[in-house]
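As they're listed, the protein sequences go chains A, B and C. My numbering puts the first residue of the first sequence at 1, with every later residue one more than the last. My numbering puts the first residue of the second sequence at 1, with every later residue one more than the last. My numbering puts the first residue of the third sequence at 1, with every later residue one more than the last.
What the hints contain is simulated information worked out from the structure, not anything from laboratory work. Hints may contain errors.
To be verified - Label pairs and their calculated CB-CB ranges: (1) S211/C x T62/A: 31 to 39 Å; (2) Y603/C x P118/A: 51 to 59 Å; (3) L364/C x D110/A: 43 to 51 Å; (4) H359/C x L51/A: 41 to 49 Å; (5) D80/A x E174/C: 54 to 62 Å; (6) E174/C x D114/A: 28 to 36 Å; (7) G655/C x F31/B: 46 to 54 Å.
It should be emphasised that the depicted structure is a prediction, and the values quoted were computed from it without experimental measurement. All C-beta atoms in this analysis are idealised placements derived from N, C-alpha and C, irrespective of residue type, glycine included.
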Amino acid sequence: MKMDGDIRVATEPKYKELYNNMKSFRAIDDFHDLFFLCACVGYRKAQFIPLQRRDDRFWSRTITPREWACYYSMVLEQNDFNYGKVSDDKEVLTIIESYANGGMAILIEDLLGDYLLPTSRSADPQLDPACCKELPKQFVHYIFEQSESENWDS
Amino acid sequence: MISDKIIEKLSKYPDEVQELATQAIRLSESFSEAAVAEQLQTVVRRLAKQQEGDSQ
Amino acid sequence: MILHKMTVENFRQFRGKHVLEFVTPSQGKANVTVIFGENGRGKTGLFRAIMFCLFGERRLSQDGDVPLEELQLVNISALVEYLGQPVLTSVELEFTHREQSYSLRRAIRGMKDGEQIFEEDYEKRLFLTSDGNTKPVPATEVDNIINNILDRRVKDYFLFDGEKIERLTRASIEQRREISAGIRNLLNVDALETAIKAIGRVAKSLESELSNSSHEELSKLLKRLGDNEDAQGRFRKRLDELADEIRLARQEIDKTDKELDKFNEIRHWLERRKSLELELRDQEQQVEDALKEMRNIVCKATSLIVAPTVIKVFEHIDQQKQKGEIPSEIRRDLIERILEEQKCICGSKICVGSDAYSHIIDWLERTSDVKTQDAALNLWRYLSEVRNHFSDDADLVEKRLQQYGNIRSTIANINRNLENVSTQIGTSERQDATKLDDHRKLLQDNIISLEAEARNIQGQLEQRVQGNERLRASLKEEKMKVGRNDELSRRSILARDTQDALEDVYKQFTREIKDLIGESATQLFQVLLDKEGRENLRSIVVNADYSLQVLDRYKKPFLANISAGQRQIMSISFIAALAKTAARGDKIEIPLFMDTPFGRLSYEHRQNLINQVPLFASQWILLATDTEFRRQEAQLLKRSETWGKFFILRLTKDGNTEIVEQDINSALAVLRDEEDYQ
Numbered sequence: 001m002k003m004d005g006d007i008r009v010a011t012e013p014k015y016k017e018l019y020n021n022m023k024s025f026r027a028i029d030d031f032h033d034l035f036f037l038c039a040c041v042g043y044r045k046a047q048f049i050p051l052q053r054r055d056d057r058f059w060s061r062t063i064t065p066r067e068w069a070c071y072y073s074m075v076l077e078q079n080d081f082n083y084g085k086v087s088d089d090k091e092v093l094t095i096i097e098s099y100a101n102g103g104m105a106i107l108i109e110d111l112l113g114d115y116l117l118p119t120s121r122s123a124d125p126q127l128d129p130a131c132c133k134e135l136p137k138q139f140v141h142y143i144f145e146q147s148e149s150e151n152w153d154s
Numbered sequence: 001m002i003s004d005k006i007i008e009k010l011s012k013y014p015d016e017v018q019e020l021a022t023q024a025i026r027l028s029e030s031f032s033e034a035a036v037a038e039q040l041q042t043v044v045r046r047l048a049k050q051q052e053g054d055s056q
Numbered sequence: 001m002i003l004h005k006m007t008v009e010n011f012r013q014f015r016g017k018h019v020l021e022f023v024t025p026s027q028g029k030a031n032v033t034v035i036f037g038e039n040g041r042g043k044t045g046l047f048r049a050i051m052f053c054l055f056g057e058r059r060l061s062q063d064g065d066v067p068l069e070e071l072q073l074v075n076i077s078a079l080v081e082y083l084g085q086p087v088l089t090s091v092e093l094e095f096t097h098r099e100q101s102y103s104l105r106r107a108i109r110g111m112k113d114g115e116q117i118f119e120e121d122y123e124k125r126l127f128l129t130s131d132g133n134t135k136p137v138p139a140t141e142v143d144n145i146i147n148n149i150l151d152r153r154v155k156d157y158f159l160f161d162g163e164k165i166e167r168l169t170r171a172s173i174e175q176r177r178e179i180s181a182g183i184r185n186l187l188n189v190d191a192l193e194t195a196i197k198a199i200g201r202v203a204k205s206l207e208s209e210l211s212n213s214s215h216e217e218l219s220k221l222l223k224r225l226g227d228n229e230d231a232q233g234r235f236r237k238r239l240d241e242l243a244d245e246i247r248l249a250r251q252e253i254d255k256t257d258k259e260l261d262k263f264n265e266i267r268h269w270l271e272r273r274k275s276l277e278l279e280l281r282d283q284e285q286q287v288e289d290a291l292k293e294m295r296n297i298v299c300k301a302t303s304l305i306v307a308p309t310v311i312k313v314f315e316h317i318d319q320q321k322q323k324g325e326i327p328s329e330i331r332r333d334l335i336e337r338i339l340e341e342q343k344c345i346c347g348s349k350i351c352v353g354s355d356a357y358s359h360i361i362d363w364l365e366r367t368s369d370v371k372t373q374d375a376a377l378n379l380w381r382y383l384s385e386v387r388n389h390f391s392d393d394a395d396l397v398e399k400r401l402q403q404y405g406n407i408r409s410t411i412a413n414i415n416r417n418l419e420n421v422s423t424q425i426g427t428s429e430r431q432d433a434t435k436l437d438d439h440r441k442l443l444q445d446n447i448i449s450l451e452a453e454a455r456n457i458q459g460q461l462e463q464r465v466q467g468n469e470r471l472r473a474s475l476k477e478e479k480m481k482v483g484r485n486d487e488l489s490r491r492s493i494l495a496r497d498t499q500d501a502l503e504d505v506y507k508q509f510t511r512e513i514k515d516l517i518g519e520s521a522t523q524l525f526q527v528l529l530d531k532e533g534r535e536n537l538r539s540i541v542v543n544a545d546y547s548l549q550v551l552d553r554y555k556k557p558f559l560a561n562i563s564a565g566q567r568q569i570m571s572i573s574f575i576a577a578l579a580k581t582a583a584r585g586d587k588i589e590i591p592l593f594m595d596t597p598f599g600r601l602s603y604e605h606r607q608n609l610i611n612q613v614p615l616f617a618s619q620w621i622l623l624a625t626d627t628e629f630r631r632q633e634a635q636l637l638k639r640s641e642t643w644g645k646f647f648i649l650r651l652t653k654d655g656n657t658e659i660v661e662q663d664i665n666s667a668l669a670v671l672r673d674e675e676d677y678q
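This is chain A alone, in the form it adopts within the complex (with noise of 0.2 Å):
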């Protein structure tokens, strides 16, 4: 649990032109704001879909502590608490890549049909960029319906 910051995470690489268009057009800050989105996504609806091929797309060291935290939380639930599973940032970050694989398409069918371009949605999916002005707010009010009520309150 050293949140190596030389790791290359990475993703399908029919989700490249995704990334990069999200962006570029103002969608998220940056690659490792959506990347963070997928994984909770991916492991709040267990969705856990392995890379059939790997593309990289950032390096770890711009993943923030909050991340990393939140990161290790799910692999140590996943595996009934055994830190040996959270010893290697490495394995750690392959698991999440396919929560984040799996979330990823469960974000492209339930939020970002509605901003691909037509053509693109079976094959690498893109943004179309003149309805996409909205997403920032999207994201948000998808993450508020996704998350729990509960009384946060401690």
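Given chain A, put chains B and C in place with the hints provided.
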């Protein structure tokens, strides 16, 4: 003068860079971009040869 | 520079000779001159007269691309009266600057021949009085002397008008361009910019030679870099084109509005529409800011999705802590030694299979090594922090969504009202009005799609710029590998390094001046804001991309949440800071012209403006309309004891304007009260 302030800020760079940059600014005070570029070709050639000489 | 007197003759709306004497600081505390008149009477014309006299300029920044032929200066009535004969138009300025007195006169001659109007330069004359001696200045030196007093490039900062203020509150390409141009003019770095471009040319030509060399990897990188830079060039060109197209479209809308204005019966609907559109632009800006805020909170919000997991893991580790398992009360290596030696620390033997042995195995299974324990404790700390913020994060998300919803709702409302107003305009019996209105709608739609395209291209450009940095780094590495024996590579590296050095220095300079302007703007901001504003808003910052931001007391970006009045104060503070920095002193040495600055300001804001501007400007010339400058404002000004002169611009029978000086003490009688508008 603004140019003098700029040249001051260049002091942390290697000598050849400083010299080339200073020449570029001084020439630009009087000549057009194209004319400056042409004259700088000669300066670059001289400084690169100087670098080679220093390293041998 | 202190203006003393201006004499205009046959200039624009001013038929015949008119004199305006400004109040000067030497006459006491007073340094405020108020020039009062309805729209179209010639208030901006007086500023135009000064710019014409000083620089021979006919064009102000607000004129945009209006053709020079439409910016004629000679009074029309005089031209008509003297049809076929030349008419002299002149402006004479008497001013002082650093203990020297100047008298500058510039004249043109105009003539109307049929439908055409011709104007030509006629006279340029400067007299300088120093130590009691007056002498003429040679014509060839006049422009140089004036430019040393006031650099023509910064002249536009000294006229504050509603449009400029409006432009600066919108985070658009135009805003960034305006600020970027202002700062570059301030720095006066023409030589540096030329040097950067020239050395860039040299670097590019050397790389072009290199790419034809036999070094394959180098050639590949150079090609990619070249393609990337070409793409950036295309994007920048397109952004410039879009900015121009948007500006032209807006000017066309203004022109159309002026045409529509001719239809009296729809005038009040037009005004209503204009006000709704301003409000709409304001709200749309808030949407942009709100969306930016949303992007900022996505990470915090996302962790709410896995909150149950975070809480569960936290509680698990917490329990382990409480049970003494983390950190372990007994070290793992000690337990392992006990098991290996089958002997307790008290010396008693421990047999395999015994109860004691099982208990110790139990302990071993529950403990972990020191490294893991430390990591688990760290994790516990991080989770504790994350967990503690869940409630606040959830509140923040809800608040932002609500805020966004409110803004959208307001926009929907405004759009409904706009539709209603457009219908009223459209159903006017005048067919021309309907056609003009349709044309206007097309222009609006065009602007929206151009702005969307610009946003898209800006994003792609930023990606390319980042890609460029990575490519340049790889290229340099490759060149250095090759460069040891290759002179061409050495030259290429040297040229690029020099370009980088110059760009670095340029960035340093602009950063320093941005910080300086930010500090100055913040100081002014703090004195101009009302009490509530001062409590919540801390500073103005010029960002790296030349956009403006306001930080709250927690140093967080807050622009999305400030009111229209606060935005106006922000713009005034920024422009004043720019003017102050241009003047390079504590007081702005050039007269400040403010054209209807009170627009959307609350009483306290107006009060602050009236009290503070005379303190940081050596002369304040306030151009005001009857809706803006009422008894309230006049009383504030009188009480400040800074108000020295009051001029009214009156319409004459022949449609021209005359300048009438009014005694300040009887000014209240001609001014309206707030109740007059209800």
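Hints the structure violates: just list their numbers, smallest first. none
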